[in-house]
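Asker: Listed here are the chains, written in short residue letters.
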Amino acid sequence: MSMAELAQLGLLRLEWAIFFYFLAVNSFYAVLLLSAAWELRDHVHRTRAESRWRMLSSRVAPRISMLAPAYNEAATVGQSVRGLLTLRYANLELILINDGSRDGTMDVLQREFALRPVTPLFRQLIPNKPIRALYRSATHPELLVIDKENGGKADALNAGLNLARGELVCAMDADTIIEPDALLRMVRPFLLMDDTVAAGGTIRIANGCQVHGGRIVTLRAPRRPIPGFQVIEYLRAFLFGRLGWNRLGGNLIISGAFGLFNRAAVLEAGGYTHDTVGEDMELVLKLRRNAYEKKTPGRVAFVPDPVAWTEAPETLRVLGRQRDRWHRGLADTLWRHRRCMLNPRYGALGMIAYPYFVFIELLAPLVELIGFLGLLAGLIMGAINFPFAVLFFLVAYGFGALLSALTLILEDVSYRRYPAISDRFVLFGWTLLENIGYRQLTVLWRIRGLWKFLRGNKQWGAMERRGIGSAAASSTGR
Amino acid sequence: MSLLRAVLVVFLASYAIAGLILLLRALWFSYRTNHYAAPLAAARAVALGALRGHTDLAPIGKLPRRLQGRVIVELARVVSGTDRVTVAELAQRLGLIEPALKQCGSRRWHRRLRGARFLTLLDVKTPAMAALFDDPHPLLRAQAAEWGARQNSDILLRRITALISDRSPACRFTAKDALLRAGAAAVLPVHDYLESAPEDALIDALEVVAGLAEPRFSAMCDNLSRHVRPAVRVAAVRALASIGGEQAAAAALRALTDSDPLVRSAGAEAAGLLRQSAAAPHLYRMLGDSEFEVQRAAALALRALGASGELLLRRAARGPDGAAAQLAKRALT
Numbered sequence: 001m002s003m004a005e006l007a008q009l010g011l012l013r014l015e016w017a018i019f020f021y022f023l024a025v026n027s028f029y030a031v032l033l034l035s036a037a038w039e040l041r042d043h044v045h046r047t048r049a050e051s052r053w054r055m056l057s058s059r060v061a062p063r064i065s066m067l068a069p070a071y072n073e074a075a076t077v078g079q080s081v082r083g084l085l086t087l088r089y090a091n092l093e094l095i096l097i098n099d100g101s102r103d104g105t106m107d108v109l110q111r112e113f114a115l116r117p118v119t120p121l122f123r124q125l126i127p128n129k130p131i132r133a134l135y136r137s138a139t140h141p142e143l144l145v146i147d148k149e150n151g152g153k154a155d156a157l158n159a160g161l162n163l164a165r166g167e168l169v170c171a172m173d174a175d176t177i178i179e180p181d182a183l184l185r186m187v188r189p190f191l192l193m194d195d196t197v198a199a200g201g202t203i204r205i206a207n208g209c210q211v212h213g214g215r216i217v218t219l220r221a222p223r224r225p226i227p228g229f230q231v232i233e234y235l236r237a238f239l240f241g242r243l244g245w246n247r248l249g250g251n252l253i254i255s256g257a258f259g260l261f262n263r264a265a266v267l268e269a270g271g272y273t274h275d276t277v278g279e280d281m282e283l284v285l286k287l288r289r290n291a292y293e294k295k296t297p298g299r300v301a302f303v304p305d306p307v308a309w310t311e312a313p314e315t316l317r318v319l320g321r322q323r324d325r326w327h328r329g330l331a332d333t334l335w336r337h338r339r340c341m342l343n344p345r346y347g348a349l350g351m352i353a354y355p356y357f358v359f360i361e362l363l364a365p366l367v368e369l370i371g372f373l374g375l376l377a378g379l380i381m382g383a384i385n386f387p388f389a390v391l392f393f394l395v396a397y398g399f400g401a402l403l404s405a406l407t408l409i410l411e412d413v414s415y416r417r418y419p420a421i422s423d424r425f426v427l428f429g430w431t432l433l434e435n436i437g438y439r440q441l442t443v444l445w446r447i448r449g450l451w452k453f454l455r456g457n458k459q460w461g462a463m464e465r466r467g468i469g470s471a472a473a474s475s476t477g478r
Numbered sequence: 001m002s003l004l005r006a007v008l009v010v011f012l013a014s015y016a017i018a019g020l021i022l023l024l025r026a027l028w029f030s031y032r033t034n035h036y037a038a039p040l041a042a043a044r045a046v047a048l049g050a051l052r053g054h055t056d057l058a059p060i061g062k063l064p065r066r067l068q069g070r071v072i073v074e075l076a077r078v079v080s081g082t083d084r085v086t087v088a089e090l091a092q093r094l095g096l097i098e099p100a101l102k103q104c105g106s107r108r109w110h111r112r113l114r115g116a117r118f119l120t121l122l123d124v125k126t127p128a129m130a131a132l133f134d135d136p137h138p139l140l141r142a143q144a145a146e147w148g149a150r151q152n153s154d155i156l157l158r159r160i161t162a163l164i165s166d167r168s169p170a171c172r173f174t175a176k177d178a179l180l181r182a183g184a185a186a187v188l189p190v191h192d193y194l195e196s197a198p199e200d201a202l203i204d205a206l207e208v209v210a211g212l213a214e215p216r217f218s219a220m221c222d223n224l225s226r227h228v229r230p231a232v233r234v235a236a237v238r239a240l241a242s243i244g245g246e247q248a249a250a251a252a253l254r255a256l257t258d259s260d261p262l263v264r265s266a267g268a269e270a271a272g273l274l275r276q277s278a279a280a281p282h283l284y285r286m287l288g289d290s291e292f293e294v295q296r297a298a299a300l301a302l303r304a305l306g307a308s309g310e311l312l313l314r315r316a317a318r319g320p321d322g323a324a325a326q327l328a329k330r331a332l333t
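Residue numbers (our numbering), protein chains in the order written: chain A, 1 to 478; chain B, 1 to 333.
Each hint should be verified, as a subset may be incorrect.
As the list claims (entries may be wrong) - A few chain A residues facing chain B, derived, Cβ under 7 Å:
no.: 1; residue: Thr119
no.: 2; residue: Leu121
no.: 3; residue: Arg123
no.: 4; residue: Leu192
no.: 5; residue: Asp195
no.: 6; residue: Gly398
no.: 7; residue: Ala405
no.: 8; residue: Phe428
no.: 9; residue: Gly429
no.: 10; residue: Gln440
What the hints assert, rightly or not - What the simulated footprint calls covered on chain B by chain A, stretch by stretch (three residues with Cβ under 8 Å from a Cβ of chain A suffice, anywhere in the stretch; the number is not a length):
no.: 11; stretch: 19-32
no.: 12; stretch: 90-104
no.: 13; stretch: 164-174
no.: 14; stretch: 186-197
no.: 15; stretch: 321-331
FYI, nobody ran anything at the bench for these hints, they're computed from the structure.
In this text, a Cβ means the ideal position worked out from N, Cα and C, and glycines have one as well.
Using the sequences provided together with the hints, build the complete structure.
Answerer: Spelled out as structure tokens, the structure:
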């Protein structure tokens, strides 16, 4: 057999290996989807016609401290805080952490909320950059503002954790719009199960929606492709990805934009880790690992109905930066906790969830790229004929499109957030189109993230925002 | 190739079916919304009219059963007192109560829950709901507690009190909440319960006692403030602080010298809350406690005492103990 023949055979075998990898991955996705459907059915049964007013006015409701870090958010901070102050919950404090903003964030807060300096007695249980001053609002006593030196989101959240007085803390982004009754829904797992240490809610894309007074007033599916594709991605990630994990060994990710945590457990775990770009996942993994190691409570639940709205990047440049950072965060977190890998000591975490995140979430882009390049090489060398290549491509991406469509059905039978027929068909269209070009771009961004991780890059990169529901507002995140 | 082709055909067919399902559901919901918009509006108006004594329920009766239930639920959620009784009568006349009662006896927990929630909303007095206190599903037991708290019955309040020691946190939460909402009517059942409460339930029961703040609990709380478990002592001191009186003051003073820091901290909080000037010298010493939470509670309590406490805080601010001085300065700011 000649070298060329050997290469051709190798390429063909590689393609089949990758095909079976795809099949295994997609089979696992199918299991996740079934698990999510089962969980969703149960959730709908549990919550149908429930009266949340009891929690709204309860004297025994656990105290929640909202932690909202803000960095150069002068354009939106006023509206965001006003929105947060109208959240429905009986026992709530709001801690806004100004993380050394260089714009007029503090001025806006001073002006709009009549801040007065205070000196609460507290102990620094976890490290954070020096606090310059603390203020309480004269008009809204439940609002505490921490003005501190810049140290990044994790550092800002740690400062908030030190000052929070609530049993539960809700970590969020200052520019996230949280639905008014989201906390009433989010607190459920803590009341239903003694061992809950963290709960995550659903994040949805607000691009295309109209916002008034810090609330989403008109919900529409984005007509522009980049945010449109992200709506599908988020639906897939939250509605079947995270929900499915509730029954398959628990979640490893709670979005940094909206998560509720047991404060004592977070402090016990040492708070957020500073030198990572994946601080949200790192905290969850730390909480779960702690629970296994110290035999303490460690349930991490995902609740599908509390919703927070966020603005998705509208340009490929910014989106690429975000995805590359997410993948670096994933790689960094998995590397830090590598001891969990296939380690029976960590139960479902070590044997199911962690390997899934390594083999599927982390390495999938690499395998996908190798498969794509192999297919091209096979075509050029004549090892693979064109119809086979086309079929392979269609099958590989077809299942992704099918899963997205099934997620849309799951959304439709449960929450039906997009009531207009046109919106549902726009979304259905995006399920198909995201596989053409967009998905391949995300593969490249994630590989770039992996590469940067290997080179030790821990930069956040600039995020440009237009401001939810308005075209004029702009701010720069980290 | 043939395998790939077969897989692709399955995918394409499934994808097309998914699209069709979405289309059909969208059309169905659109049709239903448009078709029932006017009848629903008319039914809502009639239901509102029924509160003012109008008796013609025909527009509601024309709706499907599910939408009739929706109209009733919407109305029941925004009314109370006699209006809610009227809504319950309305539901009875429409024949909606009977199916809900049947649902309460269903073998499936979610059906029982749906029926129970409907009956709770309408405050329907029925043995079917009382039976749910023994339901195997915690959400049903919690629902029974929610219903029972509105029935003004000593027997039911005792059943709710028993749920304080339930293994499910949802039941414990609802029971505590229900008892606090019941107010004075819950005092006797909680008092009797505390006399023989299982040890694990004492803290939750004392939380209810703190909320009820009824002097009849003083002697019992005083006993429990000497309990062997620090967490129970903490809860008892807190309950006494909310009740007030001589026993509370004595318990607070005693707690200040407890061996457990959490109890000392609770004692300091109680002393501040009760404005116990006699505790001031103890609180001053506690500014130098080895535990931060105790120091903090002592500083806050001294601040709460007013002039006498502030005097001691000023002295501590000038004192040799650096940490205590720092804390006192911050408490004075």
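Asker: Now tell me if each hint is right for this structure.
Answerer: Going down the list of hints, with the structure as the test:
no.	hint	result
1	Thr119	holds, 4 Å
2	Leu121	holds, 5 Å
3	Arg123	holds, 5 Å
4	Leu192	holds, 5 Å
5	Asp195	violated, 10 Å
6	Gly398	holds, 4 Å
7	Ala405	holds, 4 Å
8	Phe428	holds, 6 Å
9	Gly429	violated, 10 Å
10	Gln440	violated, 19 Å
11	19-32	holds (count 9)
12	90-104	violated (count 0)
13	164-174	holds (count 5)
14	186-197	violated (count 0)
15	321-331	holds (count 3)
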